[in-house]
Structure formats: structure tokens, C-alpha cells
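Given these sequences and hints, build the entire structure.
Quick note, the sequences are listed as chains A and B, same order.
Each residue of the first sequence is one higher than the one before, counting from 1 in our numbering.
Each residue of the second sequence is one higher than the one before, counting from 1 in our numbering.
Fair warning: there could be bad hints in the mix.
Covered stretches of chain A, as calculated for chain B (at least 3 residues, CB under 8 Å) [unchecked claim]:
#	region
1	41-54
2	68-82
3	95-109
4	139-153
5	214-228
Quick list of simulated restraints, FRET-style, between CB atoms [unchecked claim]:
#	chain 1	residue 1	chain 2	residue 2	range
6	B	T41	A	A178	55 to 61 Å
7	A	A64	B	A42	31 to 37 Å
8	B	L31	A	Q115	49 to 55 Å
9	B	L63	A	G218	30 to 36 Å
10	B	G30	A	L190	32 to 38 Å
11	A	W220	B	T41	21 to 27 Å
12	B	L11	A	I66	15 to 21 Å
13	B	L23	A	D219	29 to 35 Å
14	A	A108	B	W45	50 to 56 Å
15	B	L11	A	V227	28 to 34 Å
16	A	L63	B	G30	34 to 40 Å
17	A	W125	B	A37	52 to 58 Å
Just so you know, the hints here were simulated from the structure itself, not pulled from any lab data.
Glycine included, C-beta positions come from ideal geometry on N, C-alpha and C.
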Amino acid sequence: MLSWAHAGPSVLASFLASLVEFIEALTVVLAVGTVRGWRPALAGTGLALAVLAALVLALGPALARIPLPIVQAVVGTLLLLLGLRWLRKAILRAAGRIPLHDELAIFAGESAQLQSGVRRLVAGWDQVAVATAFKIVMLEGIEVVFIVIAIGAAGGLLLPAGLGAGAALLLVVALGLALHRPVARIPENLLKFAVGVLLAAFGTFWVGEGIGLAWPGGDWSILGLIVGFLAAALLLTRLAARPAAA
Amino acid sequence: MGGLGIALRKLVGLFVDDGSLALAIVAWLGLIALAAALWPTARGWLGLLLALGLLAILAENVLRAAEAKR
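Written out as C-alpha cells, the structure reads:
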């Protein structure tokens with residue numbers, strides 16, 4: 001029986017984190033499709049998705065053989081490193097200390113690079129275009145695979161986490177088909193802020209479980225951790241935004 | 001090989017951006033794990049200590065970075 005105290009946040013965390021990564025991949029795939037044609041853009045994307053699927057099929061059964069406390073401690077540590085890194089950056093961006101991520105600028109840069117690039121055909125395929133689409137989908141996809149495994153594996157929630165990522169993929173594909181231009185209006189920093197809070201809370205919980213700590217309220221303490229990290233992150237954003245004392 | 005190198009760098013970069021933040025997190029987790037092994041009866045409140053320590057690490061790192069960017 002699934003506990004919604006952590007199945008719900010698992011789906012949400014996986015959905016939001018995957019959404020951020022898929023949007024980054026979509027920007028470059030759109031640049032390839034617009035400048036060099038949709039055939040190589042879709043071929044590179046499809047090839048990368050096939051490699052990623054093989055990776056998931058190979059890693060999934062292997063994880064089941066590792067004792068759960070070890071998976072929880074290792075995955076929890078990695079989630080904490082990832083979550084606090086995202087949260088740190090999101091706080092500094094929200095406070096105006098570092099610039100926001102700009103998908104339109106990235107799209108323009110990629111397009112310019114692809115326009116000036118040599119068109120080398122191998123068996124009728126634009127090699128540079130296929131490789132560019134493959135590389136970005138592979139790189140962002142590996143992050144998604146890791147996030148799904150990290151969120152799902154420690155608590156036996158791979159299916160809900162996978163569903164969250166799948167929903168994000170469908171949404172981004174739909175947006176790509178509808179817009180044919182980069183998704184610039186999604187508040188990416190707000191997403192990273194929320195995902196950072198969720199991953200940090202999950203990471204703390206799983207590390208605690210892995211080393212045998214007793215959480216008050218069991219799984220429900222995840223919600224307490226989410227509230228704690230959120231409150232701290234909001235407070236830190238205000239503190240970091242303050243002008244320097246004269 | 002170049003592609004593999006980029007993928008590996010990207011994978012490491014997924015977890016480590018500021019080395020001091022990553023080091024502080026891992027060190028704190030190690031200390032809490034050691035404390036849990038040495039004092040099993042304290043496992044009830046070590047969870048709270050774990051979370052508070054992580055919040056303190058985040059706060060120190062963010063405020064230091066914000067100060068450096070002013």
C-alpha cells in the first residue's frame with residue numbers, strides 16, 4: 001500500500017525536476033530542428049531516448065540487489081548534494097545575486113552556432129545536427145534518470161517517480177509541438193527552488209532512514225522537513241537580497 | 001571519449017557545484033552517522049540535529065556567496 005505522505009511528493013518532485021531538464025533539452029532540439037531540419041533533430045532525440053531506456057532497464061534490476069539501508073544512505077546523500085546545490089543557486093538567483101537562466105539566449109546561441117557549422121552528411125544524415133540533438137537529450141536525460149532513480153528507489157517508489165517524469169516529458173513534447181519555439185515563460189527558477197526544497201527534504205529523510213535514525217511521525221516527517229527547508233530558503237532569499245551595509 | 005568525458009563532468013556537476021558546500025554536507029552526514037552508531041539511544045533526536053545542521057550549512061554557504069557577489 002502506497003503512503004501518500006511520500007508517494008505524492010515523489011511524483012511532484014520527479015515531475016518538476018524532470019520538467020526543468022526536459023525544457024533545457026527542448027531548447028537545443030528546437031534549435032537543431034529549426035536550423036538544420038526536423039529529421040536529424042528527431043533522429044538524434046530518438047537515439048538518445050533508446051540509449052536512456054536501455055540504461056534504465058540495466059540499472060533498475062541491479063538496484064534491487066543492494067540492501068535497502070545502503071541504497072537509502074547513498075541515494076539520500078546524492079539527493080542532498082543535488083537538492084541543496086539547486087536550492088543554493090535558486091536562492092541566489094531569486095535574491096538577484098546571480099543572473100537567471102535564459103532559454104531564449106541559449107536558443108539564439110545554439111541556432112547561431114548551428115547556422116555557421118559545416119553540414120557534413122553521412123549516409124544522407126546531417127552528422128552535426130544528429131549529434132547535437134543526441135548529446136543534449138542524453139545529458140539532460142541522464143540527469144532525469146538519476147533523479148527518478150534517486151527519488152523512487154530508496155522508498156520503493158520507482159513507479160510513481162517514473163510516472164512524474166513521464167508526465168513532464170509529455171507536457172514538454174506537447175509544448176514543443178504547439179509552440180515550435182523555446183519555452184521561455186515557465187518560471188524556471190521557481191521550479192528549481194521548489195525542486196531543491198523537495199529533494200533536500202527527501203535526501204535528509206532517506207539518509208536518516210539509511211543510518212537508522214528514528215523520525216518522529218514516520219513518513220509524515222517528510223512534510224515537516226519540506227516546510228522547514230522551504231521556510232529557511234525563503235528567509236535566506238530575503239537575507240541574501242539585502243544590500244550591503246554601508 | 002570526448003563525449004564520455006563531458007557526460008562524466010556533467011554527472012559530477014549535477015552534485016557538486018561549490019566544493020565547500022558538498023564537503024560540508026558529506027562531513028556532517030558522516031558525523032551524524034558516527035553519533036548514531038556510538039549512541040543508539042539518541043537516534044530519536046539525531047534526525048532533528050541532522051536537519052538543523054544541513055540548514056545551517058546551507059545558510060552559511062548562501063550568505064557567504066551573496067556577500068561575495070555584492
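Structure-based check of all given hints:
no. : hint                         : result
1   : 41-54                        : violated (count 0)
2   : 68-82                        : holds (count 6)
3   : 95-109                       : holds (count 3)
4   : 139-153                      : holds (count 4)
5   : 214-228                      : holds (count 6)
6   : B:T41 <-> A:A178: 55 to 61 Å : 58 Å, holds
7   : A:A64 <-> B:A42: 31 to 37 Å  : 32 Å, holds
8   : B:L31 <-> A:Q115: 49 to 55 Å : 53 Å, holds
9   : B:L63 <-> A:G218: 30 to 36 Å : 33 Å, holds
10  : B:G30 <-> A:L190: 32 to 38 Å : 33 Å, holds
11  : A:W220 <-> B:T41: 21 to 27 Å : 23 Å, holds
12  : B:L11 <-> A:I66: 15 to 21 Å  : 19 Å, holds
13  : B:L23 <-> A:D219: 29 to 35 Å : 30 Å, holds
14  : A:A108 <-> B:W45: 50 to 56 Å : 53 Å, holds
15  : B:L11 <-> A:V227: 28 to 34 Å : 31 Å, holds
16  : A:L63 <-> B:G30: 34 to 40 Å  : 23 Å, violated
17  : A:W125 <-> B:A37: 52 to 58 Å : 57 Å, holds
Violated hints, listed in ascending order, are 1, 16; each of the other numbered hints is respected by the structure.
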